[in-house]
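Based on the hints, put chain B in the right spot on chain A.
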Amino acid sequence: MNYLHHIGAYFLMLREVFRKPQKWKVFWEMLFREIDDLGLKSLGIAAFISFFVGGVVSIQTALSVDSPFIPRYLIGFATMRSVVLEFAPTFISIILAGKVGSFITSSIGTMRVTEQIDALEIMGINSINYLVLPKVIAALFFYPIILAIAMFLGILGGWVAGLITELFYTEDYLYGVQLDFNSYIIKYSFIKLIVFAFVIVTIPAYHGHKVEGGALEVGRASTKAVVWTSVVIILLNYFLTQMLLG
Amino acid sequence: MLEVKDIYKSFGDFPVLKGISTFFEKGKTSMVIGQSGSGKTVLVKCMLGLFEPDSGIISYDNRIFKELDENERRNIRQEIGMVFQGSALYDSLTVEENVMFPLKMFTNKTRSEMIDRANVVLNRVNLVDKNHLFPSELSGGMKKRVAIARAIVMNPKYLFCDEPNSGLDPKTSIVIDNLIQEITQEFDIITVINSHDMNSVMEIGDKIVFLKNGLKAWEGSKETIFETDNEAIVDFVYSSNLYKKIKQAHLKGL
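Protein sequences appear in the order of chains A and B.
So the first sequence is numbered by the working numbering: it starts at -13 and just counts up by one.
So the second sequence is numbered by the working numbering: it starts at 1265 and just counts up by one.
Chain B with its partners taken away, still in its complex shape:
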């Protein structure tokens, strides 16, 4: 289990996180949602160890991050897969080399073993015959698939995704969402997605943590989001007429 307890983080005099506590479980797709500036990116960056929280605890399966030495932190980082908003693929490397990169850095596999493993994960994300293309030659959806393949190539225990649907068309977004959910269940990993895409939330949100002004304003699932009368989440989700109608239909049992 990935747990955050009472996390505070400020930049200068500006408090961004004001005591966030929650937990994320194995095999479930958890989503951190909220408006821009609500603190969700900072929370995820704290969980990833890119920002040091001012106070509070982040615990990876009972390993408290701030109490670990540099080697232990490095070990945890190797258990993390990350899919960035812009994919963050290395421009100078081909698709295959991008996917092989963590293997090259952290394992002693031979080149043919690494290629085999890269092909396995590339097949898993349904990207075949693109091994020798460079990121600049791929579409947005393909880049996301390569990023997912790179994130899972080391068999991570924790998968983080930052706005995985950003810049994608609705159909490709659903494909990427489903792929992330399938991988989460198949590999039984803890997946945390930072998003403000309500389609994704409704599609794959096994657990939803809603942040507002640096506070956890609501926590639930895609099922309970329709029933809640929490003002903050209602205001966020039903700012769109489409979702108002979906809610009415849901409540009428349609």
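Okay, chain A solo, but in the shape it has when bound:
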């Protein structure tokens, strides 16, 4: 029953999120601030992880395919597929759920317990719309950019790993990356990420907005938000994969 209550309250919150902003000028200001907070400040960690995970995937694949009957270009093919289909959209989303999700819950939760949200509501401002809508739009706009960068850096990381370890040749790797290329897998990846971006913002925002108490409760809410966001991402990943690739 408690879960149903939270699911209902979450959807009621979404109804408030998608109302017309009370002042467009303030909305645009908030949007650019959120692009900086949620997007630009996440770029570094996403780039770092993508590059090295791409490298690890290519090295592991190279070490696994030591049979002379398996072509070496398979390393590039497997790295590209792993990065584009799964690593870049899902793994990066889980990382962002931790980084951005905890930031959203703790910032909104702190506003709640220090009465800053009450101050907005007393002024007649729809606090959910004011605080959450710019975050949602910022994530939907900027996370596809992060995804594109993560895909590129993951594949680049795989190639650089090959250069350093000399486990495979550049020509084989690049041939494998381009082999049997289907643009649908890129679309699939972006569709997944857009859904995950929405979840990464709205679930932590829900947990932050309903916090009651003090610093301890804000901390607990942040942990809960990251756990639930990750769980929902994993479940949605399964269903989206079934729907889009099945």
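It is possible that some hints are incorrect.
[What the hints assert, rightly or not] Reference listing, derived: stretches of chain A covered by chain B, where coverage requires no fewer than 3 residues with Cβ under 8 Å from a Cβ of chain B:
no. : stretch
1   : 6 to 18
2   : 109 to 123
[Claimed, not checked] With a Cα cut of at most 20 Å, we get these calculated SDA-like pairs of lysine to any residue:
no. : chain 1 : residue 1 : chain 2 : residue 2
3   : A       : K11       : B       : M1369
4   : A       : K9        : B       : T1371
5   : B       : K1309     : A       : L106
6   : B       : K1421     : B       : E1267
7   : A       : K9        : B       : N1335
8   : A       : K11       : B       : T1374
9   : B       : K1368     : A       : P7
10  : B       : K1290     : B       : E1446
11  : B       : K1368     : B       : R1381
12  : A       : K196      : B       : Y1354
13  : A       : K11       : B       : K1373
14  : B       : K1394     : B       : R1375
15  : B       : K1368     : A       : E15
16  : B       : K1516     : B       : T1488
17  : A       : K9        : B       : M1378
18  : B       : K1368     : A       : N112
19  : A       : K6        : B       : K1368
20  : A       : K196      : A       : N112
21  : A       : K9        : B       : R1341
22  : A       : K11       : B       : N1372
23  : A       : K9        : B       : K1373
24  : A       : K196      : B       : K1309
25  : B       : K1368     : A       : V12
26  : A       : K11       : B       : R1375
27  : A       : K196      : B       : F1275
28  : A       : K6        : B       : R1341
29  : A       : K6        : B       : M1369
30  : A       : K85       : A       : F127
31  : B       : K1290     : B       : I1340
32  : B       : K1269     : B       : D1318
33  : B       : K1368     : B       : S1356
34  : A       : K6        : B       : Q1342
35  : A       : K6        : B       : R1338
36  : A       : K196      : A       : S113
37  : A       : K9        : B       : L1367
38  : B       : K1290     : B       : D1325
Just so you know, these hints were derived from the structure itself, not from any lab.
Every residue gets a Cβ at the ideal spot worked out from N, C-alpha and C, and that includes glycine.
This is chain B only, laid out in the frame that chain A set:
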């Protein structure tokens, strides 16, 4: 006039307000006092529209709040200034931006007009040269001044203060009390203060509403509080020896 009539409010099976009726007038500093858990915060939150009363009427200058649509309620909210116990300043905004915030949301003033207006109210609360500081760089008293400046920047008709002296030293408390009283008289607004600070009550309480266990146990002013023999208020006020002595001195005409 701000009027509350027969307000009931429960949380689950627990009744918090049990039929409170009173009124608050322009130009007067009214105080809602009572022990912790007496219902004063819930009453003020009902008046602010943060809680919906189970029954009863809250009327802002004959505009009955529960009968208003969302737009009309929003209009009333823009006539309200609120000073929170913890000041509730926006951490990411400077002093000037905090004060300008309601102007930015609800007016079409240019940035320079908003800065001018912010400076006027910041001067009024005697806070100068702090415009570009962030709340974390201010003392408790300064934060309260910024909160008061933000509350009055839109020229409100109603000013609510929740424990405005909480966490302040006695000297700063008196300064904040006097500032609130001066602003109330100067702008001719209805001020309602939620407090259990007896110094404030005695200093600026033009009207005092005393709540006990969700009921209005006594109503009067800082002058009549000394003469009353109402057991509930006597027990609350004179739990301190200092006030017992003040009362004796008052009754002796000293």
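Next item on the list: Go through the numbered hints given earlier and state which of them the structure violates, listing their numbers in rising order.
Entry: Checked against the structure, no hint fails, so every one of them is satisfied.
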